[in-house]
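Model the full structure from these sequences, guided by the hints.
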Amino acid sequence: MDTRLFSLEPNDSPGHIRTALEAQANNELIGVGDPDPPLIAFQEYLQALAPWQVTIPFVIELAAGIGKQASAPRILRDFARLNSLIKSVAILRHPHRKLDRKGRIIAEIEDYQIIYDLVGQMYETTITGASLAVREVVQAVSEIGEDCTAADLATHLAVNKSTAWRRARAAIRNGWLINTEGRKGYPASLKLGDPLPEKIGLPSPERLRGCIAVAGGETGGATGKPIETIDESEHGCTVAVETDGLFLLHLLSDTNRLAAWDEAIAQVVGEAVKSLNPDEDLKEMVL
Numbered sequence: 114m115d116t117r118l119f120s121l122e123p124n125d126s127p128g129h130i131r132t133a134l135e136a137q138a139n140n141e142l143i144g145v146g147d148p149d150p151p152l153i154a155f156q157e158y159l160q161a162l163a164p165w166q167v168t169i170p171f172v173i174e175l176a177a178g179i180g181k182q183a184s185a186p187r188i189l190r191d192f193a194r195l196n197s198l199i200k201s202v203a204i205l206r207h208p209h210r211k212l213d214r215k216g217r218i219i220a221e222i223e224d225y226q227i228i229y230d231l232v233g234q235m236y237e238t239t240i241t242g243a244s245l246a247v248r249e250v251v252q253a254v255s256e257i258g259e260d261c262t263a264a265d266l267a268t269h270l271a272v273n274k275s276t277a278w279r280r281a282r283a284a285i286r287n288g289w290l291i292n293t294e295g296r297k298g299y300p301a302s303l304k305l306g307d308p309l310p311e312k313i314g315l316p317s318p319e320r321l322r323g324c325i326a327v328a329g330g331e332t333g334g335a336t337g338k339p340i341e342t343i344d345e346s347e348h349g350c351t352v353a354v355e356t357d358g359l360f361l362l363h364l365l366s367d368t369n370r371l372a373a374w375d376e377a378i379a380q381v382v383g384e385a386v387k388s389l390n391p392d393e394d395l396k397e398m399v400l
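Position one of the sequence shown corresponds to residue 114 (the numbering used here), numbered consecutively onward.
Some hints here could point you the wrong way.
As the list claims (entries may be wrong) - Label pairs and their computed distance ranges (CB to CB):
#1 Asn273 to Asp147: 33 to 43 Å
#2 Ser126 to Asp230: 16 to 26 Å
#3 Arg296 to Pro123: 24 to 34 Å
As the list claims (entries may be wrong) - Calculated pairs, DSS-like style, for lysine-lysine (alpha carbon to alpha carbon, straight line, at most 25 Å):
#4 Lys181 to Lys215
#5 Lys211 to Lys181
#6 Lys200 to Lys181
#7 Lys200 to Lys215
#8 Lys181 to Lys274
#9 Lys297 to Lys312
Hints were generated in silico from the structure; no laboratory data involved.
All residues carry an ideal CB built from backbone N, CA and C; glycine is no exception.
See the structure below:
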């Protein structure tokens, strides 16, 4: 499964564990709440207007940036997954995105920024196998010196012994640490092994930002040619809905989609969109 999914290192810090225990205790006492109705309504709204088409004008530069750092075959699958995530964010932000002449939503660097913040570290861990925690444990052995034990690591890293040993085992499996104690029942004696792999991350949003010319519209990737966009004045079927001060604009391409948009959904969706925090709630919705 690790070759088909992003690897996520669990947060096993004492503070996080205490918070999780508190949440479980509250769920036991008062029960698990129902899903947020505005969020459900927003999902129904998106489904009513499906299928959605999205184009990523900086996809050539993104592919080039990733290809320079990673060459494993699995990167082809990971790249497709990254594109899907970027498109998902663009769909969630579609009232604020332009359309090209084919009616596709044009993704922006800000959409990639969300995914970069969400999965950047997971991507690096997946490609190299060296999570931040594993890199920390290797660094700790370097600082402590040879004949380092799991207890030494736990003290040095301020974690419990089982956590320290779990991280050390991951480094041992990859050859970055060596356990010189071969006798069963005896504490591990660790020393450095092979060098850690170089960090292989996603291209930063700043690096890709030059692919889009803000003035006059988006640019077409490596060609530098502007992508032709349309606005509501050109489009023959434009629907605007205002709910409690919220102006929601969506371009509808055919009568079937227009029929799917009714006043009841518009009111609920207006509340859903208005309640979204683009910096926090959006990150939860994407994953």
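**Message:** Between the alpha carbons of Lys181 and Lys274, is the straight-line distance 25 Å or under?
**Reply:** It is violated: about 39 Å lies between the C-alpha atoms, which goes past 25 Å.
**Request:** Please test the hint of 33 to 43 Å on the beta carbon pair from Asn273 and Asp147.
**Result:** The hint (33 to 43 Å, Cβ to Cβ) holds, given that Asn273 and Asp147 are roughly 36 Å apart.
**Message:** Quick check on a hinted range of 16 to 26 Å for Ser126 and Asp230, using CB atoms only.
**Reply:** 20 Å, holds
**Asked** Has the given pair, Lys181 with Lys215, been kept, meaning a C-alpha gap of at most 25 Å?
**Response** 31 Å, violated
**Message:** Would the hint linking Lys211 and Lys181 be met if the CA-CA limit is 25 Å?
**Reply:** Violated, at roughly 30 Å.
**Item:** Assessment of proposed distance window 24 to 34 Å (beta carbons of Arg296, Pro123)
**Value:** Given range 24 to 34 Å: holds, Cβ gap about 31 Å.
**Asked** Under the criterion that the straight-line Cα-Cα distance not exceed 25 Å, is the pair Lys200, Lys181 satisfied?
**Response** Holds, at roughly 23 Å.
**25 Å limit on alpha-carbon distance, applied to hinted pair Lys297 and Lys312** = 35 Å, violated
**Request:** For the pair supplied as a hint, Lys200 and Lys215, confirm whether the alpha-carbon distance does not exceed 25 Å.
**Result:** 16 Å, holds
The structure is inconsistent with the numbered hints 4, 5, 8 and 9, although it conforms to all the rest.
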